[in-house]
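This note's numbering runs 1099 ahead of the 1-based position in the sequence shown.
Derived from the structure by calculation, the hints contain no laboratory data. Treat the hints with care, as some may be off.
[Claimed, not checked] Derived Cβ-Cβ restraints for the label pairs, each shown as a range:
| no. | residue 1 | residue 2 | range |
| --- | --- | --- | --- |
| 1 | 1251 | 1173 | 18 to 28 Å |
| 2 | 1301 | 1124 | 36 to 46 Å |
| 3 | 1187 | 1260 | 11 to 21 Å |
[Claimed, not checked] Straight-line C-alpha distance at most 20 Å; calculated DMTMM-like pairs for lysine to aspartate or glutamate:
| no. | residue 1 | residue 2 |
| --- | --- | --- |
| 4 | 1121 | 1178 |
| 5 | 1121 | 1223 |
| 6 | 1121 | 1167 |
| 7 | 1121 | 1164 |
We treat Cβ as the ideally placed atom computed from N, Cα and C, and that holds for glycine.
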Amino acid sequence: MMREAAPGAEGAVLVLHGGTEKGMRRPSLLNPPARRMRPFGRAISRAGGLVLAEARYRHRGWNGDRADPARDAAEALAELRHRTGGLPTVLVGHSMGARAALRVAGEPGVVGVVALAAWCPPQDPVDQLAGGRLVFVHATGDRITPPRESLLTAVRARAAGAQVCRFVVAGGDHAMLRHAGLWHALTAAAVHGLLGLRPLPPEVASAFALPAASTDGLEVRAVPGAGAVG
1100 MMREAAPGAE GAVLVLHGGT EKGMRRPSLL NPPARRMRPF GRAISRAGGL
1150 VLAEARYRHR GWNGDRADPA RDAAEALAEL RHRTGGLPTV LVGHSMGARA
1200 ALRVAGEPGV VGVVALAAWC PPQDPVDQLA GGRLVFVHAT GDRITPPRES
1250 LLTAVRARAA GAQVCRFVVA GGDHAMLRHA GLWHALTAAA VHGLLGLRPL
1300 PPEVASAFAL PAASTDGLEV RAVPGAGAVG
């Protein structure tokens, strides 16, 4: 599970890749969804000072009430806590992996979630997100996971007591291949800020400071080649 561990690490990152709605088979050896997350890991690791780990799923699918990836994520977190002595941890999940990350965000030691193109069914719970810090990134051109559903989840999470920021990537896609560098940079900056390795991006800090009852300032437009702007 653990891929990299910097000497004197101050935080940990658990990466959770995407999958399918249903599927009991194990992920393939090639596992394209996991491979897609490798550039994110490299971008995150450049700052140093952290442990990078990748969850391994027993099944390809979410599988209804079984919520298999969430169970795998919880077990991976427990193992990571044991190996690192309980370092503060940020979860980075894509699609189904983001759904799993949100589901286990209340586990001990989790200090933040970066949810990329998150699969957010409206019936999923948000109570476990109270007191958490969440950064969503979603593309307007996503045809797999509806951007509106992650927005509604972000609003519900804020109302439940989470600090929330949501970046909108204009014209991006679900696979995060279009404007890939922007996705990687936003994720790395959010992770480093959530772990306290660097200051939070100003847009994130501003969104986090808003009251729970407010939906204003929740969304930030991410512009390719120009960073993030309000």
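- request: Sort out whether residue 1178 lies within 20 Å of residue 1121, counting only the CA atoms.
  value: At roughly 26 Å apart (the allowed maximum being 20 Å), residue 1178 and residue 1121 break the hint.
20 Å limit on alpha-carbon distance, applied to hinted pair residue 1121 and residue 1223: 17 Å, holds
- prompt: Are the Cα positions of residue 1121 and residue 1167 separated by 20 Å at most?
  reply: Cα-Cα ~10 Å, so holds.
field: Assessment of proposed distance window 36 to 46 Å (beta carbons of residue 1301, residue 1124)
entry: 44 Å, holds
Pairwise hint evaluation, residue 1164 against residue 1121, where the allowed Cα distance is 20 Å at most: 11 Å, holds
query: When you take the CB atoms of residue 1251 and residue 1173, is the distance between them in 18 to 28 Å?
result: The hint (18 to 28 Å, Cβ to Cβ) holds, given that residue 1251 and residue 1173 are roughly 25 Å apart.
- prompt: When you take the CB atoms of residue 1187 and residue 1260, is the distance between them in 11 to 21 Å?
  reply: 19 Å, holds
Violated hint for the displayed structure: number 4, the only one.
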